[in-house]
Each structure stands twice: as structure tokens, then as C-alpha cells.
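Please put together the full structure from these sequences, using the hints given.
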Amino acid sequence: MSTLTLRAKRRRSTLRTLAFLSPWLIGFSVFFAYPLLSTVYFSFMRYDGFKPPVWVGTKNWAYVFEHYPLFWPALRNTLWLVVVMVALRVAFGLGVGLLITRIKTATGVFRTLFYLPYLAPPVAATMAFAFLLNPGTGPVNSILERAGLPAPGWFNDPTWSKPALTLLALWGIGDLMVIFMAALLDVPREQYEAAELDGTSPWQRFRYVTLPNISPIVMFAVVTGVIQTMQYYTQPLIAGKVASGVIQGAGTQFEPGYPDKSTLTLPQLVYNLGFQRFDYGSACVVALVLFALSMAFTALLMRRRGGLIQAGDR
Amino acid sequence: MTQVLDKPLDLKKAPPTPARRTAHRRALLEWIAVHSLGIAAALFFTLPFVFVLLTSLMSDSQALSRDLVPHTWEWGNYAKVFDTPGFLTWWRNTLLYAGLGTVLTVVSSIPVAYALAKFRFRGRKFALMLVISMMMLPPQVVVIPMYLFWARQLDLSGTLWPLIIPMAFGDAFSVFLLRQFLTTIPDEYVDAARVDGCGELRTLLRVVLPMARPGVAAVALFQFFYAWNDYFGPQIYASENPGAWTLSYGLESFKGAHHTDWNLTMAATVLVMAPVILVFFFAQKAFVEGVTLTGVKG
Numbered sequence: 001m002s003t004l005t006l007r008a009k010r011r012r013s014t015l016r017t018l019a020f021l022s023p024w025l026i027g028f029s030v031f032f033a034y035p036l037l038s039t040v041y042f043s044f045m046r047y048d049g050f051k052p053p054v055w056v057g058t059k060n061w062a063y064v065f066e067h068y069p070l071f072w073p074a075l076r077n078t079l080w081l082v083v084v085m086v087a088l089r090v091a092f093g094l095g096v097g098l099l100i101t102r103i104k105t106a107t108g109v110f111r112t113l114f115y116l117p118y119l120a121p122p123v124a125a126t127m128a129f130a131f132l133l134n135p136g137t138g139p140v141n142s143i144l145e146r147a148g149l150p151a152p153g154w155f156n157d158p159t160w161s162k163p164a165l166t167l168l169a170l171w172g173i174g175d176l177m178v179i180f181m182a183a184l185l186d187v188p189r190e191q192y193e194a195a196e197l198d199g200t201s202p203w204q205r206f207r208y209v210t211l212p213n214i215s216p217i218v219m220f221a222v223v224t225g226v227i228q229t230m231q232y233y234t235q236p237l238i239a240g241k242v243a244s245g246v247i248q249g250a251g252t253q254f255e256p257g258y259p260d261k262s263t264l265t266l267p268q269l270v271y272n273l274g275f276q277r278f279d280y281g282s283a284c285v286v287a288l289v290l291f292a293l294s295m296a297f298t299a300l301l302m303r304r305r306g307g308l309i310q311a312g313d314r
Numbered sequence: 001m002t003q004v005l006d007k008p009l010d011l012k013k014a015p016p017t018p019a020r021r022t023a024h025r026r027a028l029l030e031w032i033a034v035h036s037l038g039i040a041a042a043l044f045f046t047l048p049f050v051f052v053l054l055t056s057l058m059s060d061s062q063a064l065s066r067d068l069v070p071h072t073w074e075w076g077n078y079a080k081v082f083d084t085p086g087f088l089t090w091w092r093n094t095l096l097y098a099g100l101g102t103v104l105t106v107v108s109s110i111p112v113a114y115a116l117a118k119f120r121f122r123g124r125k126f127a128l129m130l131v132i133s134m135m136m137l138p139p140q141v142v143v144i145p146m147y148l149f150w151a152r153q154l155d156l157s158g159t160l161w162p163l164i165i166p167m168a169f170g171d172a173f174s175v176f177l178l179r180q181f182l183t184t185i186p187d188e189y190v191d192a193a194r195v196d197g198c199g200e201l202r203t204l205l206r207v208v209l210p211m212a213r214p215g216v217a218a219v220a221l222f223q224f225f226y227a228w229n230d231y232f233g234p235q236i237y238a239s240e241n242p243g244a245w246t247l248s249y250g251l252e253s254f255k256g257a258h259h260t261d262w263n264l265t266m267a268a269t270v271l272v273m274a275p276v277i278l279v280f281f282f283a284q285k286a287f288v289e290g291v292t293l294t295g296v297k298g
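If you read the protein sequences in the order shown, they are chains A and B.
Under the working numbering, residues 1 to 314 are what the first sequence spells out, in order.
Under the working numbering, residues 1 to 298 are what the second sequence spells out, in order.
Don't read these hints as lab results, they were simulated from the structure.
Predicted model, so just to flag it, every value in this text is computed and none were measured.
Built from N, CA and C at the ideal position, the CB exists for glycine as well.
Some clues are possibly wrong.
[Said to hold, decoys possible] The following label-pair restraints were derived from C-beta to C-beta distances:
{"id": "1", "chain 1": "A", "residue 1": "84", "chain 2": "B", "residue 2": "60", "range": "36 to 42 Å"}
{"id": "2", "chain 1": "A", "residue 1": "299", "chain 2": "B", "residue 2": "18", "range": "55 to 61 Å"}
{"id": "3", "chain 1": "B", "residue 1": "33", "chain 2": "A", "residue 2": "108", "range": "18 to 24 Å"}
{"id": "4", "chain 1": "B", "residue 1": "199", "chain 2": "A", "residue 2": "41", "range": "41 to 47 Å"}
{"id": "5", "chain 1": "B", "residue 1": "206", "chain 2": "A", "residue 2": "186", "range": "49 to 55 Å"}
{"id": "6", "chain 1": "B", "residue 1": "92", "chain 2": "A", "residue 2": "295", "range": "36 to 42 Å"}
{"id": "7", "chain 1": "A", "residue 1": "83", "chain 2": "B", "residue 2": "103", "range": "39 to 45 Å"}
{"id": "8", "chain 1": "A", "residue 1": "296", "chain 2": "B", "residue 2": "103", "range": "32 to 38 Å"}
{"id": "9", "chain 1": "B", "residue 1": "122", "chain 2": "A", "residue 2": "159", "range": "53 to 59 Å"}
{"id": "10", "chain 1": "A", "residue 1": "189", "chain 2": "B", "residue 2": "26", "range": "16 to 22 Å"}
{"id": "11", "chain 1": "A", "residue 1": "299", "chain 2": "B", "residue 2": "184", "range": "42 to 48 Å"}
{"id": "12", "chain 1": "A", "residue 1": "108", "chain 2": "B", "residue 2": "153", "range": "48 to 54 Å"}
{"id": "13", "chain 1": "A", "residue 1": "91", "chain 2": "B", "residue 2": "23", "range": "53 to 59 Å"}
{"id": "14", "chain 1": "A", "residue 1": "95", "chain 2": "B", "residue 2": "277", "range": "22 to 28 Å"}
[Unchecked claim] The list that follows gives simulated cross-link-like pairs (lysine to any residue, SDA-like), each with its CA atoms no further than 25 Å apart:
{"id": "15", "chain 1": "B", "residue 1": "285", "chain 2": "A", "residue 2": "46"}
{"id": "16", "chain 1": "A", "residue 1": "261", "chain 2": "A", "residue 2": "160"}
{"id": "17", "chain 1": "A", "residue 1": "9", "chain 2": "B", "residue 2": "285"}
{"id": "18", "chain 1": "A", "residue 1": "104", "chain 2": "B", "residue 2": "187"}
Listed below in C-alpha cells is the structure:
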């Protein structure tokens, strides 16, 4: 084959690849690369959307880190959610996964019932929990009181609002349950049989056979859990709004984080700064902090051997 | 251990030697323990639905009491929700956002996923890493420039178009999920079609897509649910115009307007949850397959 036709062939194949990728190439440039660069640019500008932007150097950065009263509470809440909510979700998801692999009667019914809450739209699920857990007439507190147990203030009490959100997150465990279920069924049976012949206890079999086999999935669940926590927006916002009883409407200002900043998360700050205070510059600073945190954990996910992109890249 | 549980009843037929009897009793106890836990878990997962449903059928005054079961069953609550000004508009808008958005996403993501899965080209791995990064990016990171772009340059705020139009340019999550699915289809099929003189587009449409139907179904479902559940998008672009609100966005304002009527709010909540759950029952298999594909398979 002559070099000319080879080169022509290669050019055609490049054009073909570009043609197939074109929707995404446009999407990537217009909805990712350009706005990301623009966010960096605005983070050094004073801009309210009306007067033209003015260069202010690192003033917005200093404001967010030193004077913006909501930044550190939001970061502390995120840390709390990562440590408590993500850990409990992974443990509970694994527990429910183990349970469902043991249930031998009406397995399909149990699996569907366990999975359904994951599908409940976040706004609807949060409203449902705001009702279930409302301190005045909610069914949960009436049951607790009838049983003679203390009835916490849940979404209306700063110390109980995050545990209440954790309860909501544990209710929607379906995604993790399915992932763990698949992983548990993949553990080779011979390993269990060999361990059983050695006279090991069920706990030892879990510790030395099950866990090592599923540890990559546990890692995956932890890292994606952390990334999801960075994006945690709708549930804490709705919980705070409903609990505070603020009536939404044009021009209404809602101070996010009710009660006492305890449900603030970073994405809420972007909304608060950008769309309630019209301080686009500072909103972009928070957006970049959010970007850095998300990308750090995504890199962790991609570096892991046999990670997210394993299929087809052997 | 599980194999003992497979058929606990078979052990009954075994001769009643003392050793067998202990084994039988232990298997039975384990069966009881596992299924008691299962029932407890099932209660935890279903009772919230049950209480929401019961409250949605209570009278106004009873919804304010601590009773758990309605005295009179007020089916009219649901009619009242439908009569709320705007409720039907929210339905229509949600169907437009979720329906049109899903079609656009699927059509634009398939060729991209196919190229990433089956073409050999320099920078393929890098492109895939960019797709994953986009997938993991919270929408709030780029919302300020995007809002200025849609609202100031194109004057489209107060509509859902800023949320629908981008879906015509390949959604990162859908591309990734489809690509994962397409890599499970053996290259031999694609190569055979190419040898037979099929162009790439025809190979994709005639050979690959029919085999990828479950993957496409999973992507369509996820995208539909994403749009149905989206709160942040409508909040940014549609909040100023109630005529463009979606169900997820409107539901919260419904609570605001009826802040003491838990019964009506819960009826509206049921009406937002029900379609998603109905769709799930019809497409359970594709959905669960999709969840597994996101991280584990391959």
C-alpha cells in the first residue's frame, strides 16, 4: 500500500472519530471548558451582573475565607457528613446487601421493597421526612413518646438536623445495596467452603474471605459517597426551608442553613452568594473550592487500580 | 453457610441423629434470624411511604393531630391538589423537560459513547478521563457563567430551555454509562460488520445498537429520573416564572402555600413520587443493571 493512500486513510479515520465525538466536543467546550475558565476570571472581579466587572485581585478570596460567615460552617458540615453519613451509608449498604443475599424466601419482594426509597424524588422524599420527623405532630415522635422515649427536634434542632438528614440518606440506600449485592455474589464459593472446613466462625469468614474480596467495592462506595456529599444540595436545602416554614415566593429571602447554619453545604453558598446577594465574584470563589474538592476525590477514584474506567482498557 | 440455608426443609428428612438435629436446629434458627431482620428492614423502608399515604387521606383537622390512621378517608384531597392553580402546568413542564431532554441525551450520547468504546485513536483515554471529570462536577461549579450566558446573552431565563438545550450535546454520565455497556459487546461483531463493508454509522445503527438496547434503556431511565428530580436547575432558570416550574420545584412552593395542611402536601408528594415508582416497576431490570454498570461490572 502506498504511503499516500495510507495517509488519506488515516485522515479519514480521524475525521470520522471527530464526527462521532462532535456532540460532546461542543458540549465540553461550551458547557464545561468555557464556563470553568470564566469562573476563574470572575473570581478576581467584583461583579453584580449590572455594573461592568471590576478587577479586585484576591479580595473575593479573602472575603470568602475570612469574613463570609457561612463558609466555615458549610465546610464543617461537609466534614461531618463525610465522616458520619458516608461511613454509615457504606456500613448500612453492606449490611443490607449481606442480608438480601441470605434471604431465601420472597427474595424479589424484599429486594424491591429495600430498593424503592432510593427512587423517591429528593424533594418529595425530603418533604416526606420533614413531615414524618416534625416535632409537633409527626408520626415518629408520637411513636417515640408513646414508647416513653425522648423525642428530639430533628430538622428544627441544630444538633439533630444532620442526624435527621443521615436517616433520610440511609432510607435511600438502594444504589449501594445493589452494588454490594453484585459484589457479594461474585465472591468465589470455594473460598467459603475451604474456610468452613477449617472450622472458622461466621465472623472470621466475613473478615478474612468476604471483606478482602469486596474491598475494591467498599473503596468505590466511600469515594463516590464523598463526591456525592460535595454535591449535597436539594435535601439539606428543602429540609431547612420546610422546617423553618419560610414561604417561598418572588423576592423572598431565605437564609440557608436553618436551624443555625446546621444544614449548610457548599453548593448552597454558591446560590446564596450569586443569586441572593448578587456577589458573582465571591460565588465563583466558592465554586472553585467545590471544583478543587470534587476533582481531588475524582482523581483518587481514577487512580485506583481496576477503577471506574477498567472495562475495555485491560 | 449459604448452602445450608438454601433448603432448610430438606434437613427434616434426614435421620434424627443428635448431630443432625443440632445442625437442623441451627439452620432453622439462622433462617428465623435472617428473615426477622429482613422484615424489620422492610418496615424501615416501607413505613415512611405508608405514613405519607395515610396522612394524604386525612381530613384537614386530623392531619394536625397525632393520629396515625385516618378516621374518614378523604380521597377528595387528591382532587384538591389537581385543582391547585399551576399543578397541571408543572406536570406538563416536567414531562417536556424529562421527555425531550431524555430523547436529546440518548441521541447525542450514543455516537460519542460508541467512538470512546470501539474506535482506536490517540487521546481516547484522556477524553474518557474528561468525561468522568465532567460527570463528577457539581452543577454549581459553572452555574454563574452559565446563568449569565443563558439569561443575559440569549434572554432565556424564565424558561426550561437552558436545561434542555445542553442535553443535545452529550451528557457526561450517559456517555460514560453507555460506553461501559458498549465495551461489553465483543469487538468481533463490529469487525465482522466492517469487513462486510458496513460504514461506521451503519455498523452502529444495525449491529451495535440492537445489542445495546438494555444499556440505552438504562441511560434513558436515569436521564428521565434526573430531569424529574432536578431541583437546582429549575430553581436557577425557572424560578422567576411560575409558568415554567416543574413538579420537583413546584412541590416545595406548594408546601409554602399550604404550610399547615400536611394532608394536601403529602397528597402532592405522593403524586410526584408515584410516576417514578410506576416507571420503575415496568423497567426494573434495565434500571438495576444500570446501577451495577456504573461502577462494578467489567
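The hints, checked one at a time:
1. Between residue 84 of chain A and residue 60 of chain B the Cβ separation comes to about 38 Å, which falls inside the hinted range of 36 to 42 Å.
2. Taking the beta carbon of each, residue 299 of chain A and residue 18 of chain B are about 60 Å apart, inside 55 to 61 Å as hinted.
3. At about 21 Å, the CB distance of residue 33 of chain B to residue 108 of chain A agrees with the hint of 18 to 24 Å.
4. The supplied range of 41 to 47 Å is met by residue 199 of chain B and residue 41 of chain A, whose beta-carbon atoms lie about 43 Å from each other.
5. Against the hinted window of 49 to 55 Å, the Cβ-Cβ separation of residue 206 of chain B and residue 186 of chain A comes to about 34 Å, which falls outside the hint.
6. Distance hint for residue 92 of chain B and residue 295 of chain A: a CB-CB separation of about 38 Å, consistent with the stated range 36 to 42 Å.
7. In this structure, residue 83 of chain A and residue 103 of chain B meet the distance hint of 39 to 45 Å, their C-beta atoms being roughly 41 Å apart.
8. Distance hint check for residue 296 of chain A and residue 103 of chain B: the Cβ-Cβ separation is about 35 Å, which falls inside the suggested range of 32 to 38 Å.
9. The hint said 53 to 59 Å for the Cβ distance between residue 122 of chain B and residue 159 of chain A, and at roughly 55 Å that hint holds.
10. Between residue 189 of chain A and residue 26 of chain B the beta carbons are some 20 Å apart, a value that agrees with the proposed interval 16 to 22 Å.
11. Under the hint 42 to 48 Å, the C-beta atoms of residue 299 of chain A and residue 184 of chain B, about 26 Å apart, miss the expected range.
12. Against the hinted window of 48 to 54 Å, the Cβ-Cβ separation of residue 108 of chain A and residue 153 of chain B comes to about 52 Å, which satisfies the hint.
13. A C-beta distance of roughly 31 Å is found between residue 91 of chain A and residue 23 of chain B, which places it outside the suggested range of 53 to 59 Å.
14. Taken as a hint, the range 22 to 28 Å holds for the pair residue 95 of chain A and residue 277 of chain B, whose Cβ atoms sit roughly 24 Å apart.
15. Restraint check for residue 285 of chain B and residue 46 of chain A: the C-alpha separation of about 51 Å exceeds 25 Å, so the hint is violated.
16. Simply put, residue 261 of chain A and residue 160 of chain A have alpha-carbon atoms about 12 Å apart, close enough for the 25 Å limit, and the pair holds.
17. For the hint pairing residue 9 of chain A with residue 285 of chain B, the CA-to-CA distance comes to about 42 Å; that exceeds 25 Å, so the pair is violated.
18. The hinted pair formed by residue 104 of chain A and residue 187 of chain B fails the criterion: a straight-line CA distance of about 38 Å is larger than 25 Å.
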